[in-house]
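Undergrad: Add chain B to chain A, keeping to what the hints say.
There are 2 protein chains.
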Amino acid sequence: MASLKILKLGGSAITDKTKPFSVRKDVVKRLAWEVSRAKPKNLIVVHGGGSFGHPLAKKYRLIEGFKAKSQLKGFAETRRMMMILNKTVVDAFVSQGVDAVSVPPLAFIRTSNGRISFIDEDVLKGLLGLGLTPILFGDVVIDDRLGFTILSGDQIVAKLAVSLKAEKIVLASDVDGVFTSNPKTNPKAKLISKLSLSKLEETVKLKSTTTESMVDVTGTMVGKLKEMIPPVNMGVKVFVVNALKRGRVFQALKGLRVKGTKLEP
Amino acid sequence: MASLKILKLGGSAITDKTKPFSVRKDVVKRLAWEVSRAKPKNLIVVHGGGSFGHPLAKKYRLIEGFKAKSQLKGFAETRRMMMILNKTVVDAFVSQGVDAVSVPPLAFIRTSNGRISFIDEDVLKGLLGLGLTPILFGDVVIDDRLGFTILSGDQIVAKLAVSLKAEKIVLASDVDGVFTSNPKTNPKAKLISKLSLSKLEETVKLKSTTTESMVDVTGTMVGKLKEMIPPVNMGVKVFVVNALKRGRVFQALKGLRVKGTKLEP
Chain A
139 MASLKILKLG
149 GSAITDKTKP
159 FSVRKDVVKR
169 LAWEVSRAKP
179 KNLIVVHGGG
189 SFGHPLAKKY
199 RLIEGFKAKS
209 QLKGFAETRR
219 MMMILNKTVV
229 DAFVSQGVDA
239 VSVPPLAFIR
249 TSNGRISFID
259 EDVLKGLLGL
269 GLTPILFGDV
279 VIDDRLGFTI
289 LSGDQIVAKL
299 AVSLKAEKIV
309 LASDVDGVFT
319 SNPKTNPKAK
329 LISKLSLSKL
339 EETVKLKSTT
349 TESMVDVTGT
359 MVGKLKEMIP
369 PVNMGVKVFV
379 VNALKRGRVF
389 QALKGLRVKG
399 TKLEP
Chain B
139 MASLKILKLG
149 GSAITDKTKP
159 FSVRKDVVKR
169 LAWEVSRAKP
179 KNLIVVHGGG
189 SFGHPLAKKY
199 RLIEGFKAKS
209 QLKGFAETRR
219 MMMILNKTVV
229 DAFVSQGVDA
239 VSVPPLAFIR
249 TSNGRISFID
259 EDVLKGLLGL
269 GLTPILFGDV
279 VIDDRLGFTI
289 LSGDQIVAKL
299 AVSLKAEKIV
309 LASDVDGVFT
319 SNPKTNPKAK
329 LISKLSLSKL
339 EETVKLKSTT
349 TESMVDVTGT
359 MVGKLKEMIP
369 PVNMGVKVFV
379 VNALKRGRVF
389 QALKGLRVKG
399 TKLEP
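Those protein sequence lines, which keep their order, are chains A and B. If you count the first sequence from 1, position 174 lands on 312 in my numbering, and the numbers rise without skipping. If you count the second sequence from 1, position 228 lands on 366 in my numbering, and the numbers rise without skipping.
Possibly wrong hints are sitting among the right ones.
[To be verified] Covered stretches of chain A (chain B as the covering partner; in silico rule of three or more C-beta atoms under 8 Å from a C-beta of chain B): (1) 211-220; (2) 223-234; (3) 255-266.
[To be verified] Computed cross-link-like contacts, SDA-like style, restricted to lysine to any residue with a CA-CA straight-line distance of at most 25 Å: (4) Lys263(B) to Ala327(B); (5) Lys263(B) to Arg218(A); (6) Lys322(A) to Leu382(A); (7) Lys263(A) to Glu202(B); (8) Lys383(A) to Trp171(A); (9) Lys167(B) to Leu210(B); (10) Lys211(B) to Lys322(A); (11) Lys167(A) to Lys167(B).
Since the hints were derived computationally from the structure, they do not count as laboratory data. Ideal Cβ placement from N, Cα and C applies to all residues, glycine included.
This is chain A alone, in the form it adopts within the complex (with noise of 0.2 Å):
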């Protein structure tokens, strides 16, 4: 699908990470519009749980798999909070003018040890080919070693992008993009407009073997780039840039200059 576009809207962004279930209703709305504006011929949609699926997720230690029956009841509410969260996405989108579609990963997205085994992607090409906008998200899924576990959005993100062989990819955060050290505690941090393959698995790399790195993006800015690493190889363009801050998210779907780090093969 050579004109597919996919956009992440980071759980960072469209919540806010220090309130439980805390969702910022503007921003959802204004990326709604952003992406309305833009009308990108084929797109998917994937965001992250931020306040609504992590705090539950961590209680009930579901990343970890089934080790208790007590854990099903954090199954069944982190699901419940997700599709809360799910309902605030699509409704923005849609009343926004865009025809969009829940379609929950638990339903069709399966793991084994917490990496995608299973995907059925026809329901999303189906979708797609009419003209509608797919909207899915960060979820608790099945896992076939593990019982059950929690898929990021990122690993969605990246195994649709090489599968359906996307176009481009826009990981929209809540920082202007990947900085030389983490922006949020060091004001000297810069921003890294191009990072190239190479660069990107030497960071990865050393950020798993060694406390320190070159390029000291956080920890969660790291897990996203190592998810990255196929579909860059493959051609695709990928974005990393800030959802808060008005038009980059338009920018980016659209092609324009954008600030923001652009990863390369």
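TA: Chain B alone, transformed into the frame defined by chain A:
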């Protein structure tokens, strides 16, 4: 799955069909309570659309399949409303201590000319295996000939009962069971407590060729019963009971004496 029970909550029972988008919250809550008391080991719940699905589906002629771009808004809106109804049902079950999980059919079932042609049952098996209760619903789905169509909860119930080898189906509707004529218009209508498959097939046949029949059930009931022929044939116990009468769903799930209609091979 020998002990699997499938409960269909009819749209006419859980919503008020005379008012668009009106859920009978008290009925849904009581039904969730009856299920939690009956505590079936393996249970799948499928609910209908009632006044949440039908008005929009009719307005945008969704059952006819994709004809015009203008229907896409209707597709998106119908799904939004169905997700809202589904949330109400899931919430009620969770609040009664049932670890219920929404599994939207759009994401894992597809049809060909209105009949199910693909269904990925592994997610349901995974959820049941963990002790969770999947909650499905009549949904808009991708159809390889029509583009999309409306898939009834009844067709889903029958298909799952056959492929997962269910023990029992409980169809919970807004009437006491199958009558000799339409109980809503004919005060002389009599409840049929046992309906054999041969009689049932005869009825369905008559109904589709003539306007009169020996067992004069409503059009909706005929469609429902027709779907049940394969599971009844396979030995699945099928009960039609009234969800609006307290205790009937509980009794049917528990295998107690219950007022209603039993379909027999």
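Undergrad: Give a verdict on every hint.
TA: How the hints compare with the structure:
1. 211-220: holds (count 6)
2. 223-234: holds (count 4)
3. 255-266: As far as the segment 255-266 of chain A goes, the hint holds, because 6 residues have Cβ atoms under 8 Å from chain B.
4. Lys263(B) to Ala327(B): violated (41 Å)
5. Lys263(B) to Arg218(A): holds (20 Å)
6. Lys322(A) to Leu382(A): holds (14 Å)
7. Lys263(A) to Glu202(B): holds (20 Å)
8. Lys383(A) to Trp171(A): holds (13 Å)
9. Lys167(B) to Leu210(B): Distance ~33 Å between Lys167(B) and Leu210(B) Cα, so the pair is violated.
10. Lys211(B) to Lys322(A): Since the Cα atoms of Lys211(B) and Lys322(A) sit roughly 41 Å apart, the hinted pair is violated (cutoff 25 Å).
11. Lys167(A) to Lys167(B): violated (33 Å)
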